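Sequence order for the protein chains is A and B.
Using our numbering, you'd call the opening residue of the first sequence number 1 and step up by one each time.
Using our numbering, you'd call the opening residue of the second sequence number 1 and step up by one each time.
Honestly, the hints are just simulated from the structure, not real lab data.
Bear in mind the structure is a predicted one, so any value in this text is a computation, not a measurement.
Do not rely on the hints blindly, as some may be mistaken.
To be verified - Restricting the straight-line Cα-Cα distance to at most 30 Å, the calculated cross-link-like pairs of lysine-lysine (BS3-like) are:
id	chain 1	residue 1	chain 2	residue 2
1	B	Lys57	A	Lys102
2	A	Lys69	B	Lys53
3	B	Lys57	A	Lys49
4	B	Lys57	B	Lys70
5	A	Lys102	B	Lys11
6	B	Lys53	A	Lys102
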Amino acid sequence: AQSVTQLDSQVPVFEEAPVELRCNYSSSVSVYLFWYVQYPNQGLQLLLKYLSGSTLVKGINGFEAEFNKSQTSFHLRKPSVHISDTAEYFCAVSPPNTGFQKLVFGTGTRLLVSP
Amino acid sequence: DAGITQSPRHKVTETGTPVTLRCHQTENHRYMYWYRQDPGHGLRLIHYSYGVKDTDKGEVSDGYSVSRSKTEDFLLTLESATSSQTSVYFCAIAGTSGGAGTGELFFGEGSRLTVL
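Looking at chain A on its own, in the form it has when it is part of the complex:
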């Protein structure tokens, strides 16, 4: 079974500063990895995903993440954040080719961007 750990429940940062949101996973098999974002009072939407191939994945809104198999991590980064990036971010992991029935979400990291 998979599990996901998001080490920070909340990350405060100033506008235009860089940010990294950490995600570690445990799995005995290869995995697919996802980052979703949830803006206030909305559902989640996909930021980016790693299924295979290049370990550096670029997503929407200037976010990127790097899959590190040896460290079992999939940290999310953005070089310069905006106020509008204030949201909750969820990392998720799934075994490949199983649909979403076995998708496991982390507990979320709230990104707070201030002027």
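Start from chain A and add chain B according to the hints.
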């Protein structure tokens, strides 16, 4: 826009009453999911459906039942609501392109349920 509508968006009910939440999609997707979101737990899968009348349990299915009598509607029922079922419920569909999965879930806007 994945065409997902959840209703009701907000509901307050009393312990012991039945509650049904509806998820409606307009894009004929095969796979649909019900999640609950709670602080400190992230999202947890309650039930899912892989076609009309085809459903299965997720991680936290106790106290919940689902039905899917047509492709576009997936209903989540709490037969006798309890305070522990106070939560935000999200419906999701699995994205497809040309019949293959895209590796993406599309979520509705959520239904906030309070059980007093």
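So, going through the hints one by one against the coordinates:
1. A C-alpha spacing of about 11 Å is found between Lys57 (chain B) and Lys102 (chain A), which places the hinted pair at or below 30 Å, so the restraint holds.
2. Note on Lys69 (chain A) and Lys53 (chain B): the hinted pairing is violated, with a Cα-Cα distance of about 39 Å set against a maximum of 30 Å.
3. For the proposed pair Lys57 (chain B) and Lys49 (chain A), the alpha carbon gap of about 25 Å is at most 30 Å, so the pair holds.
4. In summary, the hint linking Lys57 (chain B) to Lys70 (chain B) is supported, as the alpha carbons are separated by about 19 Å, within the 30 Å threshold.
5. Between Lys102 (chain A) and Lys11 (chain B) the alpha-carbon distance is near 29 Å, which keeps this suggested pair within the 30 Å criterion.
6. A distance of roughly 20 Å separates the Cα atoms of Lys53 (chain B) and Lys102 (chain A); the hinted pair therefore holds under the 30 Å criterion.
Hint 2 from the earlier list is the only one contradicted by this structure; the remaining hints agree with it.
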